[in-house]
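A.B. asks: Below are the chains, spelled out letter by letter.
There are 2 protein chains.
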Amino acid sequence: MRVLVIGANGAVGKHVVDRLKESDHQPVAMVRDTDQIPYFEEKNVETVLADLEKDFEKAFYNTEAVIFAAGSGPKTGADKTIIIDQEGAIEAADLAKKHGVNRFVMLSSMGADQPKQAEQIKHYLYAKHRADEHLKTSGLNYTILRPGRLTDEPASGKVNVHEGSPERGSVPRADVASVLVYLLSAPRAENKIFNLIEGSTPLSDVLAY
Amino acid sequence: MRVLVIGANGAVGKHVVDRLKESDHQPVAMVRDTDQIPYFEEKNVETVLADLEKDFEKAFYNTEAVIFAAGSGPKTGADKTIIIDQEGAIEAADLAKKHGVNRFVMLSSMGADQPKQAEQIKHYLYAKHRADEHLKTSGLNYTILRPGRLTDEPASGKVNVHEGSPERGSVPRADVASVLVYLLSAPRAENKIFNLIEGSTPLSDVLAY
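Chains as they are written, first to last, in numbering that gives the first Met the number 0: chain X, 0 to 208; chain W, 0 to 208.
Chain X extracted, bound-state conformation (with noise of 0.2 Å):
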């Protein structure tokens, strides 16, 4: 499939580009500035000039499947984390919807299931439960996929997917970038909600049950 990876310049979705490379998928890195542009070309990977901030609907032209993985990030404020982790979300899923892609992957957060009880990030936790409720009713093919906290460790290739209550724990960013581009693809996973963190199982036996 010909994959949006939203996102693409962040550090999971750095990850999740040089995955989907890999695979029998055709990424598209969806990136905002011009400058993040040769570091993608260089990988012989197409990039789609766009701003989630503005008017980004000519990245869904020719799009088949949508992994979302733009995040404002916690250097910046709140306000960018509605404009950009709830809303630019909603609005990628209702343009994902509005062209016809057929599968959209979203990578969400561990807690974003029941945010009021959080005790910290709770705003940030509230802006991807929004979201995340806006793609469960889109009627799009969706997968949302909610990791615990995030490292720079390398890949272990090893993870423990589950649904159902979370059970805390740190997964490196490189293995939730090939979960991602392995949920794309599985099934088992279309219109269901996982929570990641790093575990023992190989990512080919995921959802292998």
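Any given hint could turn out to be false.
When chains are identical, the list treats them as one kind, so a pair holds in a single copy or across two.
Here are the simulated lysine-lysine pairs, DSBU-like style, with alpha carbons at most 35 Å apart [stated by the list, open to error]:
1) K135 to K191
2) K42 to K135
3) K115 to K20
4) K157 to K53
Derived by calculation from the structure, the hints in this document are not laboratory data.
With chain X's structure known, arrange chain W on it following the hints.
C.D. replies: Chain W alone, transformed into the frame defined by chain X:
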């Protein structure tokens, strides 16, 4: 009707309580802190102590109508915009629906129809937009009021209330409160959205077309 005023201690909320007190309705002021209670008790207004950020379901027992006039205000960060203005309003609508509330009047903001076009306070307008969208699909009998820039001028009693495209302008908070209470009992206001600026129409003639 027994009308729960959420945000009763706010700049608009206090006027709302006064207008309800003069009407056939019975206001119940939802306040967050015990030190906010005497102000209302001196006016013989019933209070309920509940916090939008915590569990405030008890405020809905025996409530027939709700006027939502709460807002985190400009002095707090955008994290509170998500938690109070957006999620507080969304949860209030859910609780109102759960408890069979007959009318829900929402104080929104001009510009909440098209937050993406906003040059200023875009995150705030997105939060209000998201709350309004939730209310519209809640199944509640709602009215959404979107005033222009709020001032502390005395009430003029004359307003411009209109559907359709917003017409920029300002309006005293005291008049906003009068319109909120007026709309509460106006059958023509049910399940509609209105913009409000100061104008030339006496309140008694609003929607009297």
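A.B. asks: If a hint holds in the structure, say so; if it does not, say that too.
C.D. replies: Comparing the hints with the structure gives:
1. For the identical chains of this complex, K135 and K191 are neighbours both inside a copy (9 Å) and across copies (26 Å), given an alpha-carbon limit of 35 Å.
2. In this homomeric assembly, K42 and K135 come within 35 Å of each other (Cα to Cα) only inside a single copy, at 34 Å, whereas the closest approach across copies is 47 Å.
3. In this assembly of identical chains, the alpha carbons of K115 and K20 lie at most 35 Å apart only when taken from different copies (34 Å versus 38 Å within one copy).
4. With identical chains, the CA atoms of K157 and K53 are never at most 35 Å apart, being 38 Å at best within one copy and 38 Å at best between copies.
Hint compliance for this structure: hint 4 alone is broken.
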